[in-house]
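Residue numbers (my numbering), protein chains in the order written: chain L, 1 to 495; chain C, 1 to 497; chain E, 1 to 124.
Everything labelled a hint here was simulated from the structure, so no lab data went into it. Values in this document were obtained by computation on a predicted structure and should not be read as measured data. Heads up, a few of these hints could be off.
[As the list claims (entries may be wrong)] The following residues of chain E were derived to be distant from chain C, with all beta-carbon distances above 12 Å:
no.	residue
1	P3
2	R58
3	A59
4	V64
5	D65
6	S69
7	A72
8	L99
[Claimed, not checked] Cut-off 27 Å, straight-line C-alpha distance, at most; resulting in silico cross-link-like pairs (BS3-like, lysine-lysine):
no.	chain 1	residue 1	chain 2	residue 2
9	L	K36	C	K380
10	C	K368	L	K166
11	C	K380	L	K30
12	E	K120	C	K439
13	L	K373	L	K359
14	C	K304	C	K198
15	L	K106	L	K457
16	L	K166	C	K380
17	C	K28	C	K101
18	C	K101	E	K120
19	C	K368	E	K120
20	E	K33	E	K120
21	C	K304	L	K166
22	L	K166	L	K362
23	E	K33	C	K304
24	L	K106	C	K380
25	C	K101	C	K31
26	C	K439	L	K166
27	C	K454	L	K30
28	L	K307	C	K28
[Stated by the list, open to error] Label-pair restraints from in silico Cβ distances:
no.	chain 1	residue 1	chain 2	residue 2	range
29	E	A94	C	K304	31 to 41 Å
30	C	Q491	L	L47	42 to 52 Å
31	L	G210	C	D276	25 to 35 Å
32	C	K304	L	E62	44 to 54 Å
33	C	Q483	L	I392	50 to 60 Å
34	L	S485	C	Q491	13 to 23 Å
Where a beta carbon is used, it is the ideal one built from N, C-alpha and C, also for glycine.
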Amino acid sequence: MYLILSSIFFPILAGLFLLIRYRTPLSGEKRAIDRKALTTLTGIFLLITAALVIAALLHAEEGFTLFYLTKTLPIYFRIDSVGRLFSMLAVIVLPCAGFFSFEYMKHEERESRYYGFYLLAFGVLNALCSAGNLITFYLFFELLTMTSMPLVLHSCSREAVMAGLKYLFYSLCGAYAALFGIYFLYQNCDSLAFTADGALRASSIVEHGGFLLVTAFVMLLGFGVKAGMFPMHAWLPTAHPVAPAPASAVLSAVIVKAGVLAIIRVLGMFGRDFLRGTWVQSVWISLTLVTVFMGSLLAYREPVLKKRLAYSTVSQLSYILFGLAVMQETAFTGALCHVLAHGFIKASLFLCAGAIIYKTGKTRVGELRGIGKEMPLTMWCFTIASLGLIGIPPTGGFVSKWYLALGSLKSGLPVFDVLGPVILLVSALLTAGYLLPPVIHGFFPGADYDYGSLQNKEPCRLMTVPIFILTTASVFIGLFPDSVSGIIAAAFTGR
Amino acid sequence: MDFICNFPFFSILISLFSGTICSVLPAKAAKAVNRLVIAAVGLMSAVLLLYLLSTGESFIYWMGHFPAPWGNEIRAGVLEAGMALFFCVIMYLSMAGGAHKLPDEVVESKHSLYYILVNLLLSSLLALVYTNDMFTAYVFVEINTISACGLIMIRQVGRTIEAAVRYMIMSLLGSGLLLFGLCIMYDLTGHLLMSNIKESVALIMANGEYQIPLIVAVALMCIGLCIKSALFPFHAWLPDAYGYSTVSSAAILSSLVSKGYIFLLIKIIYRVIGFDIFNSTRIIDVLFVFGLMGMIFGSLSAIKENDIRRMIAFSSVAQIGYIYMGFGMGTQAGMVASIFHILSHAATKSLLFIAAIGLTDVSGGSRKFIDLTGAAYRNKWAGVAFTAGSLSMVGIPLFSGFISKLLFAQAAVQVEGKMLASLIVLGISTVLNAVYFMKTVIRIYTSEQDAPYKSITFRDRKAYTVVLVCSILLNVILGVSSQPVVDMIGQGLAMFA
Amino acid sequence: MGPNLLANYGEAVSAILFCIGFTNLLLQTNLIKKIIGLNIMDSAIYLFLAEKGYIAGRAAPIVVDGVTSVEAYINPIPSGLVLTGIVVSVSVTALMLSLTIRLYLRYHTLDLDEISMQLKREGK
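Just need the whole structure built from these sequences, with the hints factored in.
In structure tokens:
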């Protein structure tokens, strides 16, 4: 109990401390000293938090109730396998991106605020992963939006504020739609504690079956906003380019996964058996396939690198959602594998893009000619991560996509069992189409390139090491998928 | 009868008389008396609340020992005592939070007058809460109106006088309708005491005669109180009145005065007409529709507003819409949600008004959004408080606003016909709230390097900061441990019947 | 409906007067006319109350010649209510008039819309 609580409240308190510590901007030497103290402090906080989370993960614990919001609504925490999996992702990506930002944010204003909210978001994510019932989950889901919004609009330029507001409204609309569903679930369930095989009362299913399906659909759509599902995906490509690169990495790799986690929870609450074969499943699968295809297509046409990666996130997240929508064990395995693989890969890609922006100021794909010669290590990581996202063995993306396709074929759904893998394949080709050009032009700038102007622009270790770790993690998943298969199997049954 | 039973009477009386005493005292002494009275009344209400919770039943206090149906009566139950306590807390916070601005806003020689008005307002609110007699309620409604009008216009600029006139006109229309409804009620039943009227009303409904005049009377009273509490189409006076009066006045007016009328309406619904009879009329549908419209149009007007205090004022219109929507659902759960929202809105709105003044202070006194850029860095506590208030208004979990929305939604789910409409409007209104409050929060946290304004720290304004922290705590307490409050409301409503 | 209305003509008249007063208070733009409307509205209610308290053939509830029988007098409560109401209405009227004077001294007009226009022009 204390481990879970401390993994939640330590980063939150540390974040608040950093926020309160805010001073008027210093200049010159003083600023450098102040900054050093700040980054050291944040680094220590991040490491302690990571240690606490890992301790909490290793230490299997019973659920416990913190307090009662109202008489029948407890704030309840329990770590199960699904939560553990998402925690693993968060605990690797957040410290990496955090260390990356120590260098990246060097010239930004108000760093203290950034790190404060970063730690707050970390704490809230931990809470989200260990939430044990729907109302607790919803609470931290809202708080996650609130704490991650300042990361998006950190630069406080007009576009950034507008993007932040857009993010806020999409998320709030989605969260409200989900809340709407929670009210109904609350009426029709005995408790809102998470399960994997349906918590609906049998009598309710008979009485309000049709209505409950609508509720399920509204909740899926609502939480789907966070996961960038069509038609509510538009906030992602707006928010990413204006956010600082490490913030985009976290947003894209972990925070949008909160939407996926939410959908897994909702599926569990309604029960797969209740939804399988209904119109909800068909419409949902169609939406995810549309998103997969459309996201890849938009990414293919997008010239700005970070925006291209954002569209790619839209597309890849729907791979995961597709795997969930099929409601079959192999596909579920693929989906959860992809949660990890995509998390590591996308964080690495965004950090690479950030390193490029930081060192050269280039944001468009067309400008990246010869970049591989200037920043070899960064671009090698970019290449490996890209291959992973396309799904070339032995990277993480291959394993997950393999399971997704296999599960879909095994599912026996009409039309979708074949259509799904086909669209996934087409989208993989498009992924290659949008990720490989920067790599090719980066390493092979062509005969007319002026090699004399090349400089070594490799960023410092604070930037390259996190990228390297994340890339390695993505490959690790591909090489040793067995390391997570046990936990995923447990997640499917809801333990 | 225990000595404690005298407390309601005492609290009305000391606030009434201290008003008179304040008129001859110098400003400083008047301020001390005012604070002391509010604190004393709050303390008495708290003791009374504990007493009532322990005995578990309400009591009736005969004024001058004339028995019903001739005498005038005071009635105290859990809900009344709780409301009185809450009103005192909010009023104390509002007065303490606006105290430092008073010298700028009001001419020195009129300070003691200001405290008279506040004391009068308190006494009339208490009387509205405790009284068991319809005509007494009417008289105190008028006293409430007059003192509120004084509170608006004590800051002597053109806008406030105009706002006061508009406020008076709308209020007089409202109280005229209330009085007329009351007279018809008296004509039909022959009684002025709430409990006696209720018996007669039940008889009338059972007999089936005179039903139309009865409904007319009920409708007149309802419309009258709706006008006075600024339900949507009758809110034209509100933004100027709240936007230009002194800080304390704005906080008190928005969080208490309109709530006093709403509480009277609740009493009328439960104790005069009877909950079931009231719900069988079409009046609740009208209240429901206007509540929903208020929720949307109030927020829309707030979005268009370019002045922070007027924006908060328009948000009140939306919040009052919530309360009437709860009435309109016609269930016990809806009523509980509405009463909880009265508390939650009062706590939040006073916080917002007080925090807003801290922000405008460090922006050269300007209330335009453009000047508020970065104000939260110049006055950190006000920034934090405004953010907390905004989050509560938007309905983020852990703040009181979330609980009231939760209660509204739970109530809505139980009413077949009105479920969809209320949930959808609740959703739209939440998002609209988020639009304008988050816009403001981001604005005040957008840094501006070369702002020519001085910043204010904790040391400059100790009392003010303490008030802000207390208000935030009040909000969080209502948000985190709402169950005892909800239980108390339920118990109080049960005592009403 | 007809005979009822005729029998209760006092109440009918007071209701009509109330409506007249109400509309005046609501729609007139001149402040003095509004206040007159307010007074008509209040007086209409007092008329209604007085009409309700009156019992044909009885005297006002003031004890004269030692007659204390209840049968001799009309219902005294409405009269009491009217008295209280008059006090309230007088004070409210006084307040309204004083506000009107303030506004007149500042803006030299009694027209509320005109005053609003001037305020908008002042821009604060």
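Verification of the hints:
Consistency note on P3 of chain E: stated as away from chain C, and its beta-carbon is indeed over 12 Å from all of that chain's, at 16 Å minimum. Chain C leaves R58 of chain E outside its interface by the beta-carbon criterion, the shortest separation being 17 Å against a cut-off of 12 Å. Interface exclusion of A59 of chain E from chain C stands, the closest Cβ pair being 21 Å apart, more than 12 Å. At roughly 23 Å from the closest C-beta of chain C, the C-beta of V64 of chain E stays outside 12 Å, upholding its exclusion from the interface.
Non-interface status of D65 of chain E relative to chain C is upheld: no Cβ of that chain comes within 12 Å, the nearest being about 25 Å off. Every CB of chain C lies more than 12 Å from the CB of S69 of chain E, the least distance being 18 Å, so the non-interface label holds. Listed as outside the interface, A72 of chain E is consistent with that label: its C-beta sits roughly 19 Å from the nearest C-beta of chain C, beyond the 12 Å cut-off. In this structure L99 of chain E is not separated from chain C by more than 12 Å, as the shortest Cβ-Cβ distance comes to only about 5 Å.
Distance check on the hinted pair: K36 of chain L and K380 of chain C sit about 24 Å apart at the alpha-carbon level, within 27 Å; holds. Of the pairs offered as hints, the one joining K368 of chain C and K166 of chain L holds, with about 23 Å between alpha carbons and a cut-off of 27 Å not exceeded. Simply put, K380 of chain C and K30 of chain L have alpha-carbon atoms about 23 Å apart, close enough for the 27 Å limit, and the pair holds. With a C-alpha separation of about 26 Å, the suggested pairing of K120 of chain E with K439 of chain C holds against the 27 Å cut-off.
Between K373 of chain L and K359 of chain L, the direct Cα distance comes to roughly 13 Å. Compliance with the 27 Å bound is thereby established for this hinted pair. In summary, the hint linking K304 of chain C to K198 of chain C is not supported, as the alpha carbons are separated by about 45 Å, beyond the 27 Å threshold. Restraint check: the Cα-Cα separation between K106 of chain L and K457 of chain L comes to about 17 Å, which is no more than 27 Å; the hinted pair holds. The suggested pairing of K166 of chain L with K380 of chain C holds, with an alpha-carbon distance near 26 Å, which does not exceed 27 Å.
Restraint check: the Cα-Cα separation between K28 of chain C and K101 of chain C comes to about 15 Å, which is no more than 27 Å; the hinted pair holds. As the CA atoms of K101 of chain C and K120 of chain E are separated by approximately 25 Å, the hinted pair is consistent with the 27 Å bound. Restraint check: the Cα-Cα separation between K368 of chain C and K120 of chain E comes to about 16 Å, which is no more than 27 Å; the hinted pair holds. Under the criterion of a C-alpha separation no larger than 27 Å, the hint pairing K33 of chain E with K120 of chain E is consistent with the structure, at around 23 Å.
Of the pairs offered as hints, the one joining K304 of chain C and K166 of chain L holds, with about 18 Å between alpha carbons and a cut-off of 27 Å not exceeded. Simply put, K166 of chain L and K362 of chain L have alpha-carbon atoms about 25 Å apart, close enough for the 27 Å limit, and the pair holds. Our distance criterion of 27 Å between C-alpha atoms is broken by K33 of chain E and K304 of chain C, whose separation comes to about 34 Å. For the hint pairing K106 of chain L with K380 of chain C, the CA-to-CA distance comes to about 25 Å; that is within 27 Å, so the pair holds.
The straight-line distance between the Cα atoms of K101 of chain C and K31 of chain C is roughly 14 Å, inside the 27 Å bound, and the hint therefore holds. Between the alpha carbons of K439 of chain C and K166 of chain L the distance comes to roughly 11 Å, so the proposed pair stays at or under 27 Å and holds. Only pairs whose Cα atoms come within 27 Å are accepted, and K454 of chain C paired with K30 of chain L is accepted, the gap being roughly 23 Å. This hinted pair does not check out: K307 of chain L and K28 of chain C have alpha carbons roughly 63 Å apart, beyond 27 Å.
At roughly 38 Å, the beta-carbon separation of A94 of chain E and K304 of chain C lies within the given 31 to 41 Å, and the hint holds. Distance hint check: the CB atoms of Q491 of chain C and L47 of chain L are about 51 Å apart, consistent with the given range 42 to 52 Å. Checked against the hint of 25 to 35 Å, the C-beta distance between G210 of chain L and D276 of chain C comes to roughly 32 Å, which is consistent with it. Between K304 of chain C and E62 of chain L the CB atoms are about 53 Å apart, so this pair conforms to the stated range of 44 to 54 Å.
About 56 Å separates the C-beta atoms of Q483 of chain C and I392 of chain L, a value consistent with the hinted range of 50 to 60 Å. Under the hint 13 to 23 Å, the C-beta atoms of S485 of chain L and Q491 of chain C, about 55 Å apart, miss the expected range.
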